[in-house]
Each structure stands twice: as structure tokens, then as C-alpha cells.
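J.: If you want the building blocks of each chain, they are given just below.
2 protein chains.
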Amino acid sequence: MIIDCHGHYTTSPRPHEGWRQQQIEAHAAGKPAPPRPTMTDDEIRETIEGGQLKVQRERGTDLTIFSPRAAGMGHHLGDATTSEAWAAACNELICRVCSLFPKNFVGVAMLPQSAGASPRNCLAEIDRCVNQYGFVGVNLNPDPSGGHWRDPPLSDRYWYPVYEKMVEHAIPAMVHVSASCNPTHHTTGSHYLNGDTAGFNQLMNSSVFKDFPTIKFIIPHGGGGVPYHWGRYRGLAQDAKLGLLSELMLNNVFFDTCVYHLPGQELLAKVIPVDNILFASEMIGAVRGVDPETGHHYDDTKRYIDQLPLSAADKGKIFEGNARRVYARLSAVIAKQSATAV
Amino acid sequence: MIIDCHGHYTTSPRPHEGWRQQQIEAHAAGKPAPPRPTMTDDEIRETIEGGQLKVQRERGTDLTIFSPRAAGMGHHLGDATTSEAWAAACNELICRVCSLFPKNFVGVAMLPQSAGASPRNCLAEIDRCVNQYGFVGVNLNPDPSGGHWRDPPLSDRYWYPVYEKMVEHAIPAMVHVSASCNPTHHTTGSHYLNGDTAGFNQLMNSSVFKDFPTIKFIIPHGGGGVPYHWGRYRGLAQDAKLGLLSELMLNNVFFDTCVYHLPGQELLAKVIPVDNILFASEMIGAVRGVDPETGHHYDDTKRYIDQLPLSAADKGKIFEGNARRVYARLSAVIAKQSATAV
Chain A
1 MIIDCHGHYT TSPRPHEGWR QQQIEAHAAG KPAPPRPTMT DDEIRETIEG
51 GQLKVQRERG TDLTIFSPRA AGMGHHLGDA TTSEAWAAAC NELICRVCSL
101 FPKNFVGVAM LPQSAGASPR NCLAEIDRCV NQYGFVGVNL NPDPSGGHWR
151 DPPLSDRYWY PVYEKMVEHA IPAMVHVSAS CNPTHHTTGS HYLNGDTAGF
201 NQLMNSSVFK DFPTIKFIIP HGGGGVPYHW GRYRGLAQDA KLGLLSELML
251 NNVFFDTCVY HLPGQELLAK VIPVDNILFA SEMIGAVRGV DPETGHHYDD
301 TKRYIDQLPL SAADKGKIFE GNARRVYARL SAVIAKQSAT AV
Chain B
1 MIIDCHGHYT TSPRPHEGWR QQQIEAHAAG KPAPPRPTMT DDEIRETIEG
51 GQLKVQRERG TDLTIFSPRA AGMGHHLGDA TTSEAWAAAC NELICRVCSL
101 FPKNFVGVAM LPQSAGASPR NCLAEIDRCV NQYGFVGVNL NPDPSGGHWR
151 DPPLSDRYWY PVYEKMVEHA IPAMVHVSAS CNPTHHTTGS HYLNGDTAGF
201 NQLMNSSVFK DFPTIKFIIP HGGGGVPYHW GRYRGLAQDA KLGLLSELML
251 NNVFFDTCVY HLPGQELLAK VIPVDNILFA SEMIGAVRGV DPETGHHYDD
301 TKRYIDQLPL SAADKGKIFE GNARRVYARL SAVIAKQSAT AV
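Those sequence lines, one after another, are chains A and B. As numbered in my numbering, residues 1 to 342 make up the first sequence, in order. As numbered in my numbering, residues 1 to 342 make up the second sequence, in order.
It should be emphasised that the hints constitute simulated quantities derived from the structure, not laboratory data. A couple of the hints might just be wrong.
Okay, derived cross-link-like pairs now, DSSO-like style, lysine-lysine, Cα gap no bigger than 27 Å in a straight line [to be verified]: (1) A:K315 with B:K270; (2) B:K241 with A:K302; (3) B:K103 with B:K315.
Stretch-level coverage of chain A by chain B, calculated; a stretch enters the list once three of its residues show a Cβ under 8 Å from a Cβ in chain B [what the hints assert, rightly or not]: (4) 19 to 28; (5) 281 to 291.
Note that CB positions come from ideal geometry on N, CA and C, so glycine has one too.
Go ahead and model the full structure; you've got the sequences and the hints to work with.
T.: Written out as C-alpha cells, the structure is:
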């Protein structure tokens, strides 16, 4: 089984994104948001069958761990109330996708974060997504201010209520920023990667893994700049007397394979232990074109993994085993959703 | 000849850094700064002979392109006036090092940037450093606010006065942030690398190379996260219809080799054309320890280049030729300084 741990609903129905715009405009005007739009199952089916499901079939992957569009989370827009309503709408839509395609998608929640607002606001939505929707993880935005970095780092106890909830439910968090509203940072060209690098480094300089020994984080986009600079991080940890970086981080931190060329994948697999790498593509995402050097889509990351000099057992870990381990609820959810499939 | 294009005066005499502290305290108290301390040639010699010169000899490098301590630039501290005085003091000290060790050090200027202040403030100092001190380049901080990213991106015409001056003098800029005063970003653990990645991406999404076809930038620390994500950047450029990334960037942008493990160096040399790679170590810098996996200093980057499967001619470009080309004034300054040497 090939599990892609990083997919967003980038093709969601237009009325959904349209409502978000109305909601933010209403908030700015001091008015209540309009009622949420009705979307039929057929409307949702259409966006998936021509999008993520089609790509799964073309590329030979089986299951996508699926969450709301990351750039669309927009935690810097509106306030805590608009974020709460928007996260609820987005997560409900993911739940509907998983119900309509139970063998192909398992849900991960976006959180109702809001710049400057307590992460405690996220707890009820996490409970709902895990208990009612069967979601297996959350996306945690380390910069709800959208490129201004105005909230505390992930090392701060500010975030501990979310960490406690993650441990309670045995769900991991993918550290994933949303859109940048700072003109110095292009969303997919620097903010995403820098959010990954900063998130890793914040956790590295923290007591989070001492305080939550079983907690798990996925650093997406191949870990931002971290694996390329693994020697730098080993040295920084050593100079700061934090111990061996591998012992400090690798029980709790995992990297996905959203790296869009073979040399980058080779580096990742050379530097990071195979037990800490999870297959992912973020398909229909940041980079949608075909690489003229290969004739294949940049984000068809399965092709790169297929070419790596790893044993079948190791590739099995990357493609399936590690995801089942890191997303501790995943195997049970797969079994349950498969049972509901036609 | 082996030229290290990225060294900072991290071992500068204590009175120099002490004066900076007094200057900032005086500014905060609304008082004039005290007079600058007197430092003897012997005091300066001592910091170099036991520091950078010793390491040059141990590692077999010949010349360091040398600039003030990057984290010490502190463009977020004080105001435009304090930055002007501090940059003058720092650059003067670099000039003295180059005069005392003319065969071993060539100068690069820090700029009197200040958060929110026009880059025009830098022009007189650039003139002075090039014309009077014989410096061959500048360090340009894309985030004078120190991790808050409050100034415009490098794509903005805000920076054009500096670019015009760079072209006038035929000097490149290394895109190098200073210390982070934002608790979300550790200075050497994420702000440096993220500044590199953001700087590259800002230039990529700009008209700077159309407007200044001969301008040159060095992205330090191996280019931040960029080479590891070269496929992503090729794809982003393609999706945005910017053309081939290599044609868009590689006449004007160069990467140094401050990557502290062999797999990272292998990736860099595999992905980036050899003409765009400049040898550098940033020695006595961010990472000072010995790598237990190799028994050598993490930042002894010459050892990694020595191990790369490149021809002697290609290694010659990385170690010397590219630096002489990118720093267009370098060969003349080397000849002039050598003539003054005992």
C-alpha cells in the first residue's frame, strides 16, 4: 500500500472558497457571515474524481492523508471567531471527501488558529475531528500571523494545550504554515520552506520532547532546509550541549518527501534514517508543471523514491510502514473506512 | 590559491564589542556615545594570529574575504545614526586587519543599514570602503528588522540605490542577515538559512537582473534551502512563466559552500553548475565543534570539496577562479596588497 501523507484539498468546490471570501468581507464590514453554501455529494465527487483520485491512479498511489488547503487556512485573516467557523467548514468538507472515497482518503484537520489567539481555541475542534470524523492528525501552523512571526515559538508553553491534546488522542501534527501576507515572503517559494526550518529549530531548542516523550511531528517539504544542513544542525546541537541530534530529535520528528527532484531525495535518504521518512507529494499543490528534464511532473515524488538505492523493506517503510506508525490511529481508520466502502 | 569568500571578524578585540554595547546603551538613554576605544596593532594581530590566520594555516587555505561579524551588525538596534557609526568602526577595523595581513585578508563591508531607514544611507560608506579601503564587496542584510521582516523585499526599488552603487563599483553583495531579535528565529539555527532562502526567492520574483544585468549576489550558507529544493524552484519559475531557472538566476546568483557535511556538499555540486559555486567556510563562526563522524571540524569545508568527484579544473573554479570573477576587483586588490606585504 502506498500512502501519501501530505495532500490538501486544493480543488475544493468554488462555493466553499467563495463563502470564505464573503465571510472575511462580512467580518471587515462588522456584519455576520452569510449562511454556508450547500454543496451536493456530486459536486464534491467531481472535484476529487478529476483531481486527486485521477492523480492517485495515474501515479499508482493508494491513499492520501488529506487536509484542507494549507494556503487557504489564512489564520492571519479575520479573528478567532471567523477562524473557528472556517476551520469547521473546511474540516467538515474533508470528512465528506473521506466518506465519499473511504478507501482513498483519510482526514487530517486544520486548526482554528488565529494570530495572537490562544491555541486552547483549537481543542474542541481537535476532539470533534478525531472523535466524530475519524481524523488521524492535525496541521499546526507555527506562524498564524502569516509571515510576520508574531506568535511564540513552538518551544513555548503557549502551545502545550495542543500538545497535550495530540498525546491524548495519539495524533501527530504536521508543522505547516499558511499563506504569507508579508511581501518579503512568497507563500510557496519561501514561507513554506522557512516555516519548516524554523519549526524544526524551535522544537530542537525546546523541552517539548522531554515533556511529551511520545509526541510526533512531521516536518513537510522534505524538512525545509534541515536535511541539506544536517551537519550544521548536528554541530549546533553539539555546541549547545544538547546531545546527539539524532537522539534529541528522531524519536519525535519525521520528514516527508515533498522534494521535487531526484538529487534532493537522494540527500534526504542518505542523511535521515529511513524510519524517519514518510512518503508524500503534496500533489496538485505548489508545483504543478512537468519537469522538462524528466518528462514527468515535478511533484510525482514516487518516481524519485522508486529510483533510490534502498531495499524493498526500506521503501515499504517510506511508502507505508512509517505512516502507520507515526499516525497511530491510521491502521484502525483504514480498516474502518474500508469496511464502509462499497 | 584557495580563497575562502565568507569569513567574519568573530574574534574582534573586546573593546570594540564593548564600545558597541556602550553606544547602544547611550542611545537608549538619549546620551551621546562615548569616544571609540583605541586598539593597538598588536591587539588586532593577537586576535587574528590565534584565530583566523591559525585556522587558514591548519586547513591549507590562503585568503579570506573578510567582513565584520554578521550577527554583530545588529541593524535592528539603535537608529540610522548609531548604525552609521558602528559600520564605520567595524569596517575600519577590517581595513586594519587587511593592512596588517595583506596576503591573507581582503575586505568586505558591512553596511550602515537600519530598520526602516533608506538604503541610500549606505552609499557614502560603500564609496569609502571601496575607494579608501580597497574592499571588494558588501554584505547586504535583507531584513534589517532582525527576524521581523519589516522592510521591503530585495525585489523592491527601495534597494535600487545600493544596486546602482554595486554596479558602479563592480562589487557583489552577499545576502546576509544579522542577529534575530524575534524569539521565533534562532540566529544561526534558522534566521540565517531562512534569510538566504527568502533573499534568493525575492530576487527570483523580481526585475533586478533585467534592470542590472551585470549585478552579482552570493547566497551564503550553501544557498539556504535553495539547492536542496532546486526542483521546486525550477518548477515554481516554470509555473510562473519566468522561464528556465538557470537562465533567470545563474548569471547573477552564486552559492557559497558553507554546508557542514559531505552529503550536502555533494548535493550542491550536483545541482548547481560549478561556475556558480564559491568556496567558503565561515570559519570560527556558527558551528565551532569537531564532527565525531569525521574527526574534523564541521566547518572545515575544504575537506568536503576535496572529496567531491570533480576535475582539478572544476575544483580550481570553486576554490579560486569563481571568486576572482564574481569579486571583479579581487585580483587587482590581491596584487596591490601583496605588493605591500613584507
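J.: Each hint should be assessed against the structure and marked as holding or not.
T.: Going down the list of hints, with the structure as the test:
no. : hint               : in the structure
1   : A:K315 with B:K270 : holds, 24 Å
2   : B:K241 with A:K302 : holds, 26 Å
3   : B:K103 with B:K315 : holds, 22 Å
4   : 19 to 28           : violated (count 0)
5   : 281 to 291         : holds (count 5)
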